[in-house]
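Peer 1: Starting from the known structure of chain Z, fit chain H onto it as the hints suggest.
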Amino acid sequence: MLMIKLLKGLFVIALVLIFQLELFARIRFFGVMPELMLGVAIASGWNGGPSAGAITGFVSGLAIDLYLATPLGLSALTYALVGYLIGIVAEIVAEDVERIVRLVISITAVALGIIVYVIFGELIAEPNLYNKNFGKILVVAALYTGIFMPILHYALAWVFHQNTHTGHQRPLNRSQFT
Amino acid sequence: MALPRRNSGSRFTLAILLLSSVTLISLDARGYEPVTNLRKAAMAIVQPFRNMANTIFDPIGDAWESLSQGDSLEKENALLRTQLGELLEYRTTTEGAVEELAALRTQLDLENLGGQETVVAEVTAQSVSNFDPYIIEIGKGTQSGIREGMAVISVGGLIGRIENPGLRSAQVRLITDPNVNIGVLVVGTNQIGILAGNGVGQPLRVSDGIPVSAEVEIGNILVTSGSERSPYPGGFAVGTVLEVIVDEINLEKELVIAPTGQFEGLEFITVILYEPANSRNERDQ
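Quick note, the sequences are listed as chains Z and H, same order.
Using my numbering, the first residue of the first sequence is number 1, and each one after it goes up by one.
Using my numbering, the first residue of the second sequence is number 1001, and each one after it goes up by one.
Calculated directly from the structure, the hints in this document are not laboratory data.
Since the structure is predicted, the reported quantities are computational estimates derived from the model, not experimental observations.
Glycine included, every Cβ here is placed at the ideal spot set by N, Cα and C.
Hints are not guaranteed to be accurate.
Computed cross-link-like contacts, EDC-like style, restricted to lysine to aspartate or glutamate with a CA-CA straight-line distance of at most 16 Å [as the list claims (entries may be wrong)]:
| # | chain 1 | residue 1 | chain 2 | residue 2 |
| --- | --- | --- | --- | --- |
| 1 | H | Lys-1040 | H | Asp-1028 |
| 2 | Z | Lys-132 | Z | Glu-122 |
| 3 | Z | Lys-132 | H | Asp-1132 |
| 4 | H | Lys-1040 | H | Glu-1148 |
| 5 | Z | Lys-136 | H | Asp-1132 |
| 6 | H | Lys-1040 | H | Glu-1163 |
Some chain Z residues flagged as far from chain H (calculated, every beta-carbon gap over 10 Å) [claimed, not checked]:
| # | residue |
| --- | --- |
| 7 | Lys-5 |
| 8 | Leu-6 |
| 9 | Leu-7 |
| 10 | Arg-26 |
| 11 | Leu-77 |
| 12 | Tyr-84 |
| 13 | Gly-87 |
| 14 | Glu-98 |
| 15 | Val-101 |
| 16 | Val-104 |
| 17 | Leu-112 |
| 18 | Leu-143 |
| 19 | Pro-150 |
| 20 | Ile-151 |
| 21 | Ala-157 |
| 22 | Phe-160 |
In isolation and in its complexed conformation, chain Z is listed as follows (with noise of 0.2 Å):
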């Protein structure tokens, strides 16, 4: 069984990967590209708490780390910290949360986590990414990765074998094993 999640989940993760770098990077809004591979931390604590998003985001933060000028681990400790923290805030509010509220925090979610991986590189890597455009991409990169979180929470429901949306902390009460 963990198995077949892991091969789910690295698939899932190379695909989004490959949308990221093959057709995003150019697809541009601004000038701004969205951060798929934030999402799919998000999601991915969304769908499957606090350890899956760690380590899902820690994974492919890895994965776009590999294609960045920053030093190697950087988008990783942010995407993990963020996919850990998304895990927690599923578990108190995901038992009863409609759509549109979990749209609303995963683009929270994703600003938070661009202002974080902005701060670990100002303070322990890369000096230079707080420029001028950062209010921009900050604003544009949140709601345009806001617009495929829908699709990443299902494909990340797909991984950790849960529905689309709301339930996954859903306590079974005893009338349902009657």
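Peer 2: Chain H only, in chain Z's frame:
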């Protein structure tokens, strides 16, 4: 809504992952070779899938770019027409500059530059980051003789240098990056200055090395200095002087430079297979 209890397992997992990330960052920043090789190997595994995806997505990307850049292309076209008119008028003057450049090449014993071995490579991807627009990817790597730091030129002149060369791909760091510094020589003078990038679509700048007394004028051509410590071979055009600003405090001239190399719509670039002697020695050791 009761808060669920989290077991310490997820915290432990997070701690391990964060520690691994920081370790990776640290090792990569120090240029630890196994990490670099791991990165190259992973990229080589993904590359065939990227090539396939590129074939599929290329028309979509082209269509999007032609749609989204329609207005800017029209403006660019109009601007280019104006510039062409100005250049035709300016031709007589620049002929003199070309002669000066040829004379300088002879003077500096740079005549053999034309014979420098080169590799033409296709640009396979633009920057894949929102925060680092100064990187492009090319479809050739160490297998074609490309090495770290080699100069990259496009139509018109120098545009960047090679970074992280893989077996069949490499990244090019563009000279518009504010962190890139290049030793340049002002043609027609003996003045050598340090040129730095100034962001995408912005003119380059020479802020150091040109004294107030230097006879640098608007329209002067700048070429790579080719000094001993420079990673670039000398004599390659980098830009032309757009504006000369006198810094009265430091008694220097600051130059605003229009790059001569083409940065937009790049499809193919040329890598100069030149390594300065010190780089070759380091590699051999």
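Peer 1: Give a verdict on every hint.
Peer 2: Structure-based check of all given hints:
1. H:Lys-1040 <-> H:Asp-1028: Roughly 12 Å between the alpha carbons, so the hint for H:Lys-1040 and H:Asp-1028 holds.
2. Z:Lys-132 <-> Z:Glu-122: 14 Å, holds
3. Z:Lys-132 <-> H:Asp-1132: Given pair Z:Lys-132, H:Asp-1132 holds - Cα atoms ~13 Å apart, limit 16 Å.
4. H:Lys-1040 <-> H:Glu-1148: Status holds; Cα separation ~13 Å.
5. Z:Lys-136 <-> H:Asp-1132: 14 Å, holds
6. H:Lys-1040 <-> H:Glu-1163: At roughly 12 Å apart (the allowed maximum being 16 Å), H:Glu-1163 and H:Lys-1040 satisfy the hint.
7. Lys-5: Consistent with the label, Z:Lys-5 stays out of reach of chain H, its closest Cβ about 15 Å off (over 10 Å).
8. Leu-6: 15 Å, holds
9. Leu-7: 16 Å, holds
10. Arg-26: Non-interface label fails for Z:Arg-26: nearest chain H Cβ at 4 Å, not farther than 10 Å.
11. Leu-77: Violated, since 4 Å does not exceed 10 Å.
12. Tyr-84: Non-interface label fails for Z:Tyr-84: nearest chain H Cβ at 5 Å, not farther than 10 Å.
13. Gly-87: 7 Å, violated
14. Glu-98: The claim holds: Z:Glu-98 sits with its nearest Cβ about 14 Å from chain H, beyond 10 Å.
15. Val-101: Its Cβ never comes within 10 Å of chain H, the nearest being 13 Å, so this holds.
16. Val-104: Holds, because the least Cβ-Cβ distance between Z:Val-104 and chain H comes to about 18 Å, which exceeds 10 Å.
17. Leu-112: 15 Å, holds
18. Leu-143: The claim holds: Z:Leu-143 sits with its nearest Cβ about 13 Å from chain H, beyond 10 Å.
19. Pro-150: 21 Å, holds
20. Ile-151: 17 Å, holds
21. Ala-157: 19 Å, holds
22. Phe-160: It holds; Z:Phe-160 is separated from chain H by about 14 Å at its closest Cβ, greater than 10 Å.
Checked against the numbered hints above, the structure breaks hints 10, 11, 12, 13 and satisfies the rest.
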